[in-house]
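**Student:** Just need the whole structure built from these sequences, with the hints factored in.
Heads up: the first sequence is residues 1 to 519, going by our numbering.
Hints in this document: simulated from the structure, not taken from any laboratory.
Everything numeric in this text was worked out from a predicted model, so none of it was measured.
Certain hints may be false.
Stated by the list, open to error - The calculated SDA-like cross-link candidates involving lysine to any residue, where the alpha carbons are at most 20 Å apart (straight line), are:
| id | residue 1 | residue 2 |
| --- | --- | --- |
| 1 | K210 | E64 |
| 2 | K470 | E455 |
| 3 | K311 | Y348 |
To be verified - Label pairs and their computed distance ranges (CB to CB):
| id | residue 1 | residue 2 | range |
| --- | --- | --- | --- |
| 4 | E286 | A379 | 20 to 30 Å |
| 5 | G406 | D337 | 19 to 29 Å |
| 6 | P73 | V487 | 39 to 49 Å |
| 7 | R143 | R278 | 18 to 28 Å |
Quick reminder that beta carbons are idealized off the backbone N, C-alpha and C, glycines included.
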Amino acid sequence: MSQRSDSSTPPTRASDSHTTTSGVARTRFAPSPTGFQHIGGYRTALFSWLLARHTGGQFILRIEDTDTERTVPGAVDAIIEGFKWLGLDIDEGPEEGGAYGPYVQTQRRDLYLRYADELIAGGHAYRCFCTPERLQRVREEQRARNEPPRYDRHCRRLTPAEIAQRLNEGQSYTVRVAVPLTGKTVVKDILRPAEIVFENTSLDDRVLLKSNGYPTYHLAHIVDDHLMRVTHVLRAEEWIPSAPLHIIIYQALGWEPPVFAHVPDVLAAQGGKKLSKRFGALPLLEYRDLGYLPDAIVNYMALLGWSYDDKSNTLSREQLIAAFDLDRVGVAPARYDEERLLWFNGYYIRQLSPDALAERALPFLERAEAQGGLPDSVARPLDRAYATRVLLLEQERMRTLAEAPGMTAFFFLTETLTYEPQALIAKHMTAESALNGLRRASATLAALPAWEAAEMEARLRELVTELGLKPVQLFTSMRVAVTGRTVSPPLFETMEVLGRETSMRRLDEGIAALAAHAG
RNA sequence: GGCGCAUUCGUCUAGCGGCCCAGGACGCUGCCCUCUCAAGGCAGAGAUCACGGGUUCGAAUCCCGUAUGCGCUACCA
Numbered sequence: 001m002s003q004r005s006d007s008s009t010p011p012t013r014a015s016d017s018h019t020t021t022s023g024v025a026r027t028r029f030a031p032s033p034t035g036f037q038h039i040g041g042y043r044t045a046l047f048s049w050l051l052a053r054h055t056g057g058q059f060i061l062r063i064e065d066t067d068t069e070r071t072v073p074g075a076v077d078a079i080i081e082g083f084k085w086l087g088l089d090i091d092e093g094p095e096e097g098g099a100y101g102p103y104v105q106t107q108r109r110d111l112y113l114r115y116a117d118e119l120i121a122g123g124h125a126y127r128c129f130c131t132p133e134r135l136q137r138v139r140e141e142q143r144a145r146n147e148p149p150r151y152d153r154h155c156r157r158l159t160p161a162e163i164a165q166r167l168n169e170g171q172s173y174t175v176r177v178a179v180p181l182t183g184k185t186v187v188k189d190i191l192r193p194a195e196i197v198f199e200n201t202s203l204d205d206r207v208l209l210k211s212n213g214y215p216t217y218h219l220a221h222i223v224d225d226h227l228m229r230v231t232h233v234l235r236a237e238e239w240i241p242s243a244p245l246h247i248i249i250y251q252a253l254g255w256e257p258p259v260f261a262h263v264p265d266v267l268a269a270q271g272g273k274k275l276s277k278r279f280g281a282l283p284l285l286e287y288r289d290l291g292y293l294p295d296a297i298v299n300y301m302a303l304l305g306w307s308y309d310d311k312s313n314t315l316s317r318e319q320l321i322a323a324f325d326l327d328r329v330g331v332a333p334a335r336y337d338e339e340r341l342l343w344f345n346g347y348y349i350r351q352l353s354p355d356a357l358a359e360r361a362l363p364f365l366e367r368a369e370a371q372g373g374l375p376d377s378v379a380r381p382l383d384r385a386y387a388t389r390v391l392l393l394e395q396e397r398m399r400t401l402a403e404a405p406g407m408t409a410f411f412f413l414t415e416t417l418t419y420e421p422q423a424l425i426a427k428h429m430t431a432e433s434a435l436n437g438l439r440r441a442s443a444t445l446a447a448l449p450a451w452e453a454a455e456m457e458a459r460l461r462e463l464v465t466e467l468g469l470k471p472v473q474l475f476t477s478m479r480v481a482v483t484g485r486t487v488s489p490p491l492f493e494t495m496e497v498l499g500r501e502t503s504m505r506r507l508d509e510g511i512a513a514l515a516a517h518a519g
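**Tutor:** Next comes the structure, spelled out in structure tokens:
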């Protein structure tokens, strides 16, 4: 494995975990339960999971719910359900527990308080008694002067006596990090060759502990990642600007930072914006209802920003785990492309065994008509053996499971099909010749001893020759009569599955419809 | 405004100084197969490697600048 060996190798570390794949990686996905997670979020989670699995490490799920105002009930369950559906197993998390729990931040308050105190004691943080009103006023003034809006560090200059007095008065306060006033902070991102250097003077004394006693992301994730022994932090690139702040806090606490990998955004299909709830993103679980397969989603997501080589396209989960390497994660944003996802989905549907196909598609057939299922006139539950044979005929034509009902309805309908008479007449045929062809075909099939596709085809092709037609002419008329559609799986296999009785009845109904039309 | 990240076919990408007048995949076009539609096979169109300067015998690959896009700029994450 290639290593990023250059002068930017971080300070001393016992192991060489700053290289991409040597060593066991403990990774985490740390969403905040403020809404649904979409492909973009799960793509980052997938990379983390893949890295953990590739190195034989652990994958942790941690819920960052410190913004209690924005927490949405049910969001955690949905996030976890998404992981289950995708088949990304979690080693430590709210449901699994683990040696470094709890894995929900609101249950770890005392920890953050303790480290906030430690930072204050060390002079790396300070209490800020400023009111929201003052802060806003300061920002507005700065903006008016065309200055970057930053906290003016008013409370950083408070004397011990002043602080004691305000504390005594019971004034509420936040805790802010005391960013070094000079120097630079270097952020190392393993995905990017160059160090990212920030002037400390450009940094803000961000709030670490809110006045309600909950930590902000900046404090909480650092405490957690360190205590949970996380080795690699994969997160969205929007975190790069605050990364120097995090480095400063790690240093203040005397902790070795983990390896950072800021992964590129996934962009919405339309416009150049980041995929988000507002721009083109669907909740992941929505894809389940739309008939997508987890394997397809995983394969598709893996290739958004990561690649294996110059030709591999479809990779199984096992191959993904074996091949995944941070070295091959790119840095340019990738656009969400539904056509490509659809292709992957069709591919994975085609790979399904008959049993697996039935297992996955049956729920789509059986759900209510209003939900996209088969017409309500079709009795549920479906005969599984019959449904499986039907599904097999349409398998290579489906791009999503949700397409199954529309494609297979004619296999299940018991009522008489409605025909577009004109459709029963193939190209370069007249109503008379079409009618004659159908009648002869009906008679030929009626005389068949066994209802078997190969036999039907042999006899019917003889008939085609005898009538001086082209196969497409007779078979098109028959297809419309038997299926009610101009597009269907191969005619003879379709009739075989449909059965003698139904096939013959529809043929006759088609003949009747055409006869009525021809007058 | 400030700070930061990014920039190869429409899209996802390969490429880490000569193998590239740039390879693969999706999509698109045509042909083959063929009872329709798919699937499959084959072929093709499609990228002045954002632009401009360098460095080098040689640059998509290294350096600098410009442009454009995106992100951050909350007691949200």
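**Student:** For every hint, state whether the structure bears it out.
**Tutor:** Do the hints match the structure? See the list:
1. For the hint pairing K210 with E64, the CA-to-CA distance comes to about 15 Å; that is within 20 Å, so the pair holds.
2. Only pairs whose Cα atoms come within 20 Å are accepted, and K470 paired with E455 is accepted, the gap being roughly 19 Å.
3. Our distance criterion of 20 Å between C-alpha atoms is met by K311 and Y348, whose separation comes to about 18 Å.
4. Our hint of 20 to 30 Å for E286 and A379 holds, since their Cβ atoms are close to 29 Å apart.
5. Take G406 and D337: their Cβ atoms lie about 24 Å apart, and the range 19 to 29 Å holds.
6. Taken as a hint, the range 39 to 49 Å holds for the pair P73 and V487, whose Cβ atoms sit roughly 46 Å apart.
7. Distance hint for R143 and R278: a CB-CB separation of about 25 Å, consistent with the stated range 18 to 28 Å.
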